[in-house]
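Peer 1: Residue numbers (UniProt numbering), protein chains in the order written: chain C, 1 to 243; chain V, 1 to 243; chain G, 1 to 243; chain F, 1 to 243.
Simulated from the structure, these hints should not be mistaken for lab results.
A portion of the hints provided could be inaccurate.
One copy or two, it doesn't matter: identical chains are merged, so the pair holds either way.
Unchecked claim - Below, a list of computed lysine-lysine pairs in the DSSO-like style, where the Cα atoms sit at most 27 Å apart: (1) Lys242 with Lys4; (2) Lys151 with Lys73; (3) Lys199 with Lys123; (4) Lys131 with Lys242; (5) Lys4 with Lys131; (6) Lys73 with Lys199.
Protein chains: 4
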Amino acid sequence: MATKPFAIIAGVGPGTGASIARQFAKAYSVICLARNPANFDPVVSEINASGGHALGISTDLSDSASVRSTFDKISQQYANSPLAAAVFNSGGGFVRKPFLELTEEEFTQGYESQGKGGYLFAKGSLPLLLKATGLAHPPTLIFTGATASLKGSANFSAFATGKFALRALAQSLAREFGPQGVHVSHVIVDGVIDIPRTKAWTFEHEDAKLDPEAIAAAYWHLHTQPRTTFAFELDLRPYVEKW
Amino acid sequence: MATKPFAIIAGVGPGTGASIARQFAKAYSVICLARNPANFDPVVSEINASGGHALGISTDLSDSASVRSTFDKISQQYANSPLAAAVFNSGGGFVRKPFLELTEEEFTQGYESQGKGGYLFAKGSLPLLLKATGLAHPPTLIFTGATASLKGSANFSAFATGKFALRALAQSLAREFGPQGVHVSHVIVDGVIDIPRTKAWTFEHEDAKLDPEAIAAAYWHLHTQPRTTFAFELDLRPYVEKW
Amino acid sequence: MATKPFAIIAGVGPGTGASIARQFAKAYSVICLARNPANFDPVVSEINASGGHALGISTDLSDSASVRSTFDKISQQYANSPLAAAVFNSGGGFVRKPFLELTEEEFTQGYESQGKGGYLFAKGSLPLLLKATGLAHPPTLIFTGATASLKGSANFSAFATGKFALRALAQSLAREFGPQGVHVSHVIVDGVIDIPRTKAWTFEHEDAKLDPEAIAAAYWHLHTQPRTTFAFELDLRPYVEKW
Amino acid sequence: MATKPFAIIAGVGPGTGASIARQFAKAYSVICLARNPANFDPVVSEINASGGHALGISTDLSDSASVRSTFDKISQQYANSPLAAAVFNSGGGFVRKPFLELTEEEFTQGYESQGKGGYLFAKGSLPLLLKATGLAHPPTLIFTGATASLKGSANFSAFATGKFALRALAQSLAREFGPQGVHVSHVIVDGVIDIPRTKAWTFEHEDAKLDPEAIAAAYWHLHTQPRTTFAFELDLRPYVEKW
């Protein structure tokens with residue numbers, strides 16, 4: 001189906017990225033990006049097995065050559081399809097450490113993964129979003145933020161600099177490309193997500209972890225908003241989260 | 001239908017309030033509040049005529065006796081129904097004037113309508129939301145904010161004090177009642193809404209006014225979020241809005 | 001000394017207000033306002049005894065007749081003196097209570113003291129600030145905020161609505177009167193102040209309470225800024241405060 | 001004078017940096033850093049000629065080897081002096097361009113100059129600030145922010161990501177090192193500064209540009225705050241600035 005619209009989800013592991021891919025695969029072909037194919041293979045197979053269309057491309061989101069190569073492939077393979085949505089969901093760059101113990105490499109990886117990674121992804125996807133036609137909803141670019149997008153906590157300097165930078169990028173793009181019809185949003189995920197890696201983490205209250213399927217539903221809602229009524233920012237957290 | 005869940009929409013005129021009422025009437029009985037019945041009569045009739053259930057109650061949202069009387073009526077008439085959602089959408093208290101020309105009455109009406117109005121409405125609806133059972137979605141309390149919720153512009157001191165106060169109330173209630181399972185949200189409507197009153201207002205770009213149906217869709221999305229994944233705040237604006 | 005500039009400090013008790021009065025009395029005559037003269041009498045006496053000029057006027061800051069009467073007196077007694085600075089430092093309206101236990105009177109006192117009180121004080125002082133001439137520094141209007149100016153915590157709905165409203169007022173006035181040469185500022189005091197009432201409160205760390213003399217020094221610094229370089233907002237907290 | 005305290009000002013040109021150097025030279029020896037000695041030579045000479053002590057060290061603030069070498073020199077030459085204050089005032093990384101025209105190098109220079117530059121400077125100065133003793137005021141680390149620290153405007157994605165990152169760093173350091181007695185602050189300079197480069201820029205109103213001497217006075221005020229009463233953030237703008 002050459003002209004079925006497609007979506008690109010960058011940062012697909014077994015958690016939020018997979019849920020977003022599943023959600024958008026109900027309407028679109030989806031392309032899943034992650035460095036390690038083991039991260040996207042299960043959800044790509046699952047979507048294809050259940051009648052959807054999915055493709056995984058191994059990509060190092062903080063490496064410009066790798067991201068460029070991926071978008072070259074996409075432009076060739078999906079030359080006749082409009083890009084409906086692009087989601088930057090990279091979880092890279094997380095480190096929690098006293099400031100004076102951080103190496104330069106550790107400190108800068110927050111920015112490399114989030115700020116520069118977001119730049120490379122936006123640089124690749126915006127030209128495709130701008131030229132997309134025939135879509136049911138405005139073309140959409142969503143960035144995933146975190147608690148550290150709004151607050152630089154002690155021992156979080158590396159990750160917070162990256163997440164603050166990503167939010168600055170999202171704001172700047174929303175102001176530049178919104179008037180051109182592209183919906184740019186930033187979603188602040190404020191809490192622990194219920195994914196395989198956090199399965200064993202227990203909390204005083206039940207339902208204390210964010211549900212990735214509900215996060216994906218919020219992304220889909222943002223995507224369906226008409227251009228008269230774009231949301232820029234949304235904060236999501238469990239009902240018992242302290243904030 | 002004694003046990004059909006119901007929703008209360010406070011501040012129903014021919015614009016956003018009517019759209020929210022229509023949206024929630026797809027699933028619930030809706031009660032529409034406004035001082036002047038002429039404001040809610042058309043949408044109440046429309047909903048009832050199309051197979052839904054709607055009731056209008058004339059209420060002065062900034063008057064405690066009036067609000068109490070309304071909630072007394074609701075508690076009697078809907079004693080066996082759970083309150084699924086309560087929306088405070090009052091547009092009252094707007095005044096734009098140089099500070100030194102404001103009378104005390106003009107200045108305080110921002111708070112009377114928004115801060116105190118929000119308090120009275122929350123005081124009436126929270127006990128019903130807390131005891132609601134058998135709902136498909138967590139009981140929800142949503143407040144409508146504006147540009148003036150985040151920015152005190154010149155000549156907007158009266159309205160901004162009211163909208164800042166309402167946001168403070170929403171935050172405080174979200175932190176107190178979220179852990180009790182009630183989803184409290186605050187939606188910032190940042191732009192001109194496309195309603196009868198603004199029909200004649202023209203802008204350089206098309207689609208430059210917020211669509212009340214799309215605003216209502218956002219409120220419904222918030223209502224459907226599970227307690228693992230509550231959004232507190234959302235900002236909505238047209239794609240060409242300067243911000 | 002008919003033409004010595006004067007300052008008005010509203011909300012003078014034995015803590016921050018007294019320190020601000022003492023600080024501004026080094027350069028100006030100071031007028032101290034509080035409902036109960038017992039609150040300002042000691043610092044008024046102290047200033048007068050040490051060669052300064054101070055006057056206390058009993059004023060209910062949330063009552064328009066009382067505030068108007070006070071400014072009438074001031075306008076008569078200081079007709080030939082320029083108003084150099086006006087500080088709104090009311091601590092009124094504080095209440096901490098579960099929302100559903102708040103009476104309407106308790107809830108609205110946050111706004112009465114802070115939002116409306118700030119309005120009445122600004123309404124009285126701005127005309128005097130606007131016509132002041134011959135000052136060493138731009139005429140200045142400073143409002144005292146708190147943690148609750150930025151965050152609506154659980155059980156703080158009454159106080160937070162008041163403090164959010166006061167901040168909205170301060171922003172709006174800064175944007176309207178800044179271009180007319182009046183320096184409007186808002187100071188967020190984020191922590192416990194070291195005053196007689198909190199003497200017995202102990203903390204894990206020493207120096208964990210804000211020093212009112214240091215707060216006053218910050219207010220004086222704001223006052224001395226030239227109009228090229230006005231600060232609007234400043235947050236003050238002890239070095240060990242969590243934020 | 002081996003034990004006279006010293007201050008380090010990073011980013012010293014003929015504008016704000018020179019004014020800060022002059023201000024802190026009234027009390028301390030000052031070390032001025034800039035890549036090009038032509039930027040700090042005049043103020044270094046001026047301070048030394050007028051009885052103060054100043055030293056310039058050519059440093060590329062975004063290059064780790066260069067910053068490390070500078071701090072090695074400082075540690076040797078000032079081994080017996082306490083570091084009283086360190087100011088990061090780099091203006092690097094500014095670029096204003098449509099997003100899709102930005103090269104990767106242009107985009108990342110915002111972060112390189114501000115985020116990584118701030119990291120390198122903090123990494124060098126914090127160990128010296130932590131061990132400083134015998135000071136009149138708490139050891140202080142101040143970062144210079146800009147309008148772009150709070151708002152990602154269209155065409156400012158590169159600079160805003162850098163300035164947001166720097167603010168995240170400042171917040172994180174304030175929360176980690178405040179309790180250890182180091183005063184970390186972030187100053188938002190919101191407007192055009194009156195420096196040689198902007199001399200020809202004219203505005204509708206007089207005094208429409210920030211005065212670098214007044215900015216320096218604000219930095220000094222922050223430095224003099226006792227640990228009971230630390231300000232974290234301050235926003236400075238001309239009285240006629242729109243914000």
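Peer 1: Need the list of violated hint numbers for this structure, in ascending order.
Peer 2: Structure breaks hints 1, 2, 3 and 6.
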